[in-house]
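Novice: Given chain F, work out where chain A should sit, using these hints.
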Amino acid sequence: MELNSRLGSVDSLDPNDEDMPYSDDETEDELESPLPRTDDEQNRINQETEDNQVPSKKDGTWKVKANDRHFLELPEFKKKHHFCFKKSKYAGNAIKTYKYNALTFLPLNLLEQFKRAANAYFLALLILQVIPQISTLPWYTTLVPLILVLGITAVKDLVDDIARHKMDNEINNRKCDVIQNEKFTESKWMNIKVGDVVRLKKNDFIPADLLLLSSTEPNSLCYVETAELDGETNLKFKMALKVTDEHLQQESQLAKFDALLECEEPNNRLDKFTGTMMWRNQSFPVDMNNILLRGCKIRNTDICHGLVIYAGADTKIMRNGGKTRFKRTNIDYLMNYMVYTIFGLLILISAGLAIGNAFWQEQIGTNAWYLNYGNDYTPSYQGFLTFWGYIIILNTMVPISLYVSVEVIRLGQSHFINWDLQMYYAEKDTPAKARTTTLNEQLGQIEYIFSDKTGTLTQNIMAFKKCNINGKTYGGHCREDGATVDRIHPVDFSWNRYSEGNFKFYDHCLHHSIKYEKEPEIWEFFKLLALCHTVMVEHNEEELVYQAASPDEGALVSAARNFGFVFLARTQDTITINEMGSVNTYEVLAMLDFNSDRKRMSVILRYPDGKIRLYCKGADTVIYERLHPDAKNIKDTQEALDVFANETLRTLCLCYKDIGEEEYEIWDRKHKAASISMADREAALDKVYEEIEKNLFLIGATAIEDKLQDGVPETIAKLARAEIKIWVLTGDKKETAENIGYSCQLLDDDTEIHYGEKVKELLNIRQENRRNMEVVTTGKQKRYDPFFSGNKKNALIITGSWLNDILHEKKKKKKKKLRLRRPKSKEEEFSQQEAKYKEDLIKEQLQSDFVDMACECSAVVCCRVTPKQKAMVVNLVKKYKKAVTLAIGDGANDVNMIKTADIGVGISGQEGMQAVMSSDYAFAQFRFLERLLLVHGRWSYIRMCKFLRYFFYKNFAFTLVHFWYSFFSGFSAQTAYENWFITLYNVLYSSLPVLLVGLLDQDVNDKLSLRFPRLYLPGQKGLLFNYTNFFISLFHGIFTSLIIFFIPYGAFLQTMGQDGEAPSDYQSFAVTTASALIITVNLQISLDTSYWTFINAFSVFGSIAVYFGIMFDIHSAGIHVLFPSAFTFTGVAPNALRQPYLWLTIILTTGICLMPVIALKFLYKIIKPSEGDKVLKNRKKYEKEEALTRRPVSLRRGGTARRSAYAFSHGKGYADLIVSGQSIRRKPHAPRPAVSRVGESSLATQTS
Amino acid sequence: MLIVFFLPHLLYFSSYWSKILKMKKDNKPDNTAFTQQRLPAWQPVLSVGIVLPLFFIIGLAFIGIGIGLLITSNNIQEFEEEYTGIGDNSNCYICANNATANCKCTLNFTIAQPIQGSVFMYYGLTNYYQNHQKYLSSRDDQQLAGETYYLKNPSQSCKPYQMDINNNPIAPCGSIANSFFNDAFALYYNNQGFLDEVKLDGSAIAWWTDHNVKFSNPSQTGSNLSQIFEGTVKPINWSKPVYNLDVNNPDNNGFINEDFLVWMRTAALPDFRKLYRRISGNYSSFMPSGNYTLEITYNYPVKDLPGKKKVIFSTVSWMGGKNQFLGIAYLVFGSLCFVMGFILLIVYAKYQNVEDNDD
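Residue numbers (the numbering used here), protein chains in the order written: chain F, 57 to 1304; chain A, 21 to 379.
It is worth saying that the hints were derived from the structure and are not from the lab. Being a predicted model, the structure only gives us computed values, none of them experimental. A couple of the hints might just be wrong.
[Claimed, not checked] With beta-carbon atoms standing in for the labels, derived distance ranges:
(1) Thr313(A) x Pro1212(F): 50 to 58 Å
(2) Phe1157(F) x Asn211(A): 54 to 62 Å
(3) Phe415(F) x Asn173(A): 35 to 43 Å
(4) Phe415(F) x Thr313(A): 40 to 48 Å
(5) Ile114(A) x Trp425(F): 14 to 22 Å
(6) Lys155(F) x Ser239(A): 56 to 64 Å
(7) Pro1196(F) x Thr313(A): 29 to 37 Å
(8) Thr434(F) x Lys260(A): 33 to 41 Å
(9) Phe1164(F) x Gln212(A): 51 to 59 Å
[To be verified] Okay, derived cross-link-like pairs now, DMTMM-like style, lysine to aspartate or glutamate, Cα gap no bigger than 25 Å in a straight line:
(10) Lys1077(F) x Glu503(F)
(11) Lys179(A) x Asp432(F)
(12) Lys328(A) x Glu418(F)
(13) Lys257(F) x Asp124(F)
(14) Lys219(A) x Asp1115(F)
The C-beta atom is built at its ideal place from N, Cα and C for all residues, glycine as well.
Isolated chain F, as found in the complex (with noise of 0.2 Å):
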């Protein structure tokens, strides 16, 4: 028990493994402990300004009149909109998120088109075409792909802003009461103002931040649903001011509520509110306990009042939206730099040829006496303005089509990842869902996964597994003679009318037992978890529902239900459950309830026959120091409790202890004194109560299992084969993480882990070598050494106090007041300066340090962080690895971690939405991951990497004609096609094969993905699309347009035709490279196409004959008669075609031009196969296997002790609330609707 003694012992230098480390939103005053000031006068006079400052910055600016629509209108509150428009400062309570109307669509959107800098660069080139001395291309040919191509974006947009539209308006127009003309009238949302009084009803939503006034709850209890806020699933209760509450309960009196509210400017942290309500010439403080926030759902309360706040912009909930930081995949850094480099080669290439030109015309052009340009310009100038008709003309090499195309392909990915029925949940019929349609490759690059616990790893559903009772064991497969048995029906339960359909049980042994009172034991056991909690209980016709502080206690008591000890009501100080069928109730004298420190909770409870009796659960550590010398059983128990950590389940002991009468009335005084105690009242009660809690008595203990979602495990290890860190990243406890950490095999038994202490040793070790060897060797290259030896795998588990003790994270806080102080001179202020700079090279140092032996591990568990920590850990690794990351949770604590990470997945179905609206990818179910990312990641990288490869070739092969024909065409900027086929290129000849290719293709399909995990290595090195791979395009494309232009160059230098014409004419020689072109790029594309579809087959052989019969069309002489200027290629193709001489010369430039690619792709096969060529080889061997047998994947427990040293994962219970008796209705047999499900969802208390 090392490690509890040192949990036990905390010390007050190190930091604290139980804390969370400071809340998310401290502000920087909250942070700031007091710096010490300094004598010197002028400092004191500076911090007296600053503090004078602050407060008035702070103050309540924010009036809210009751009732009072005139208010808002009053001049005060006006603010300068645009001009000399004043408006008044707050925020009707429409919403607006779509972000144009019928009339600014077309120029709004168009300008926001024209911002990226692809689409601006085409309007360039658009204008230089119309300059007549520049032109060398008509206009057509950049103006209908652009048209297309901003075309398919406005659609999109549209597509997009109408859905916005739609929603904006369901939200607006959702109906709730207001009070209008003293009555209550039926508005619409967008129409509610500050300042008015609504009422809600149960089940609405709350349509704007509201100060609770009343409801029909005893106290003005209302009870909310936060879950579209923070994620969580319990409910919270809010309670109304006591003034309010009394005096504002009908209609009437609503009406003519109006006090004025002053309170701070709306802002967007959901914790926090101040303010202050006068009325009837009082005041009264009002804080974040009085406030419903829009967004939260009114449960479990019939009608409510409340007086709007803030409205609609400025409700918390949409102050804290809107910062979603726009990803971008790595492939899309690396496009963008490519398409720089290919602009700047592009400059290169004209400007050369642009010389060239110059010099053509100083030596032939100006003998060239068939050549006038109508001016005198010179051979320099000339060539000047050549240098624009090549920009113009070469402008193709920068794709156009290929930013709208790359979104094309991610839409359709997005699709098929919507689409696929393997992420289906049927349970809660979710799909999975592709939020941005942005990322999908990045899915095949994944290095590091940032998973959370609760809800995403675990499903947050405690069961009862199995229990000790009086050092026997329970919970096996057992039949009723105690034999052990593979297979066993559940136990049947249907005698006890209580019992609830869902709770499954195998130990026949156990229930028979209790049904026939083998042993006194076991009633006590169960009579215990059915007294000893703060489970609050409603009768909801004829069925009971619990409602549990934490989903532990809500087992057990539901567990002690279904076998027969039902907790059936409790009042103040009364508590009744049903003992096998007979009813009793017993006075409860005391409760004395969990806290972090005790982990323990007790009744003491009067029997019916005036015994006094104390029951206890809690941690077995803090139990067993607890118990009587006498007490029986403790060595059997712990063996229990060691075999139940061993199987990863959360344990409890339980134990009794019988109180004298008079032992009872000494200790009541003293507890009614330390209750009422003013001075550190709650130290004074934990003092009473350690002194009644000692000499128990062991009953047993219980075994709540967490459960793991399905196939956890699985997922884990397979991602672990594809060389994906995982690290769990949780606000949970040290061990309760530890334990999770075992059970879903990410911590083994051969794992050594490492602690918070450990970590800082070793890099302090680290820093001072560094700084001994920085004395002797300067300069020397560093040597990267590892921090663990040996081939033991390593783990890291460390907490979030720790994390900042280690990477000086506060640090930072307290150099903001540093800054205050005026330094007394230049040399104090250098050396200020010296040392902040310093200090944040020992930090980046420290933190890389860090990252580097994270990295080491296997496994890193980080406990106990708050969001704010979650993201600093993956921006740690995004920063010193450059890796590409992935987060994924549920809660809104996860928000941050997933804005933050390249990827954030959130997992729906849950109740709580925060993490799937602030996601890139949501899905039900964790084990989801293992296909996202090795089936649509790593398709969806290869597809668009060879999307990238082939686009980026054919461009080449096709611009670089227009290259080797400037040497031959007196560098004039002459094209090597018709304009007709520049046009349509890009948009008609060669874009659906390639497209389809970024779809559909699959090398391998995804059951061997899935199989051999090792496939998706090529992805997270970047391994098939990087500057090497867009070089070998560039080559490949400069071969091709080699052999495409001098093959039939050779081909007419002296030609003629058969019928003896002459068919070397230039636009003979147009239709034959165009042609050639044509059947090499699209044969090319169906050499890398390795998924051959009827699809694909039928784009490619379409390509081309579309191409065929698109150019008949143009060279046809209707087209000619119509439109003589723009179509001047009439009879071309038929004269051209009909010669067998034009088509050999296609066909050899098209052989020459993949022969060679078959042959290198062949011996790259056989010298240097890839990972996907070996499985490729044997595929029909494993496709063969994988048909015969589906192995299941077995789990292996542990072999040596692991504790699971806790007690309940949450804080204090319901106790306060009880004994206070403010929940007990009034009228206690209303009857109460359903409001969760034990098990499913518990209600939580704000502990505050």
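Specialist: Quick look at chain A alone, frame taken from chain F:
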């Protein structure tokens, strides 16, 4: 194309519709081969069984074609004579240096082997950039297509040959038309001291589409060509107006003059030849060996370019005129494929063994 880009959207909406039509209650995705990416597909692998035969077959086929092409090319009889007149002893030296109009010079040459089959006569120019961008675009296709409006209002693209100094529209306008090749040839067979004129046929030397579709004279009922072209002026370099290009054949005038059409079909490369005439009459299918005299009306200046002028006589085959390039290229590439096939075979055998040892 649009369909392609919207394919994913369309499919999405179609699934949406099917949802509505079937009144589907749940969000379960459709189980179709397409949505599940299970479309039946052929996954070709570049296996040795495909690649090696491919190389050998293509190698053999290309070698075969190459041999065929070379033989065909060698069977074509071609005869080329330069008449630029650069050398001092050249007959056309005087004409080349004295820029007098319709200067005549003669060129004597001997055909050693009789030429079988129909013979075509070409003129050739070198270092002449008909493919220059400015030159190429200096024409008005609407005018040439016979549109009356453009006859009088030629397009801007014709500049500086759009209007003459007096602002009269030029027909045909533009650089190409202006630089119309205007040498003329007459061929005589030296039949034992007696010059027998070889008939040259200038009909149907241009593309049918050019003659009948792309180019046509402006039509005006009841007017002859010269009336139609009234108000326009001839191109600056021309000696005759466009409606008077062929005095012998009134139908061969205007924009559809065959020689003009041939010239207007601009060449792809700076060295080019254009069809001038077909040898017809007695010599149409057979040109006996012996001496021939070519009488040249020397007008076209190429000396300064500096370029050359040639006349070529050639027979044609199924593959056109004489050109060794393609045949040689086929032969070389075919052989390379064949060799590559062997290399691949050796490499494959070597690595196959290595792999077998690994297993």
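Novice: If a hint holds in the structure, say so; if it doesn't, say that too.
Specialist: Hints, one by one, checked against the model:
no., hint, result
1, Thr313(A) x Pro1212(F): 50 to 58 Å, "52 Å, holds"
2, Phe1157(F) x Asn211(A): 54 to 62 Å, "59 Å, holds"
3, Phe415(F) x Asn173(A): 35 to 43 Å, "38 Å, holds"
4, Phe415(F) x Thr313(A): 40 to 48 Å, "42 Å, holds"
5, Ile114(A) x Trp425(F): 14 to 22 Å, "20 Å, holds"
6, Lys155(F) x Ser239(A): 56 to 64 Å, "57 Å, holds"
7, Pro1196(F) x Thr313(A): 29 to 37 Å, "36 Å, holds"
8, Thr434(F) x Lys260(A): 33 to 41 Å, "36 Å, holds"
9, Phe1164(F) x Gln212(A): 51 to 59 Å, "55 Å, holds"
10, Lys1077(F) x Glu503(F), "9 Å, holds"
11, Lys179(A) x Asp432(F), "13 Å, holds"
12, Lys328(A) x Glu418(F), "20 Å, holds"
13, Lys257(F) x Asp124(F), "23 Å, holds"
14, Lys219(A) x Asp1115(F), "18 Å, holds"
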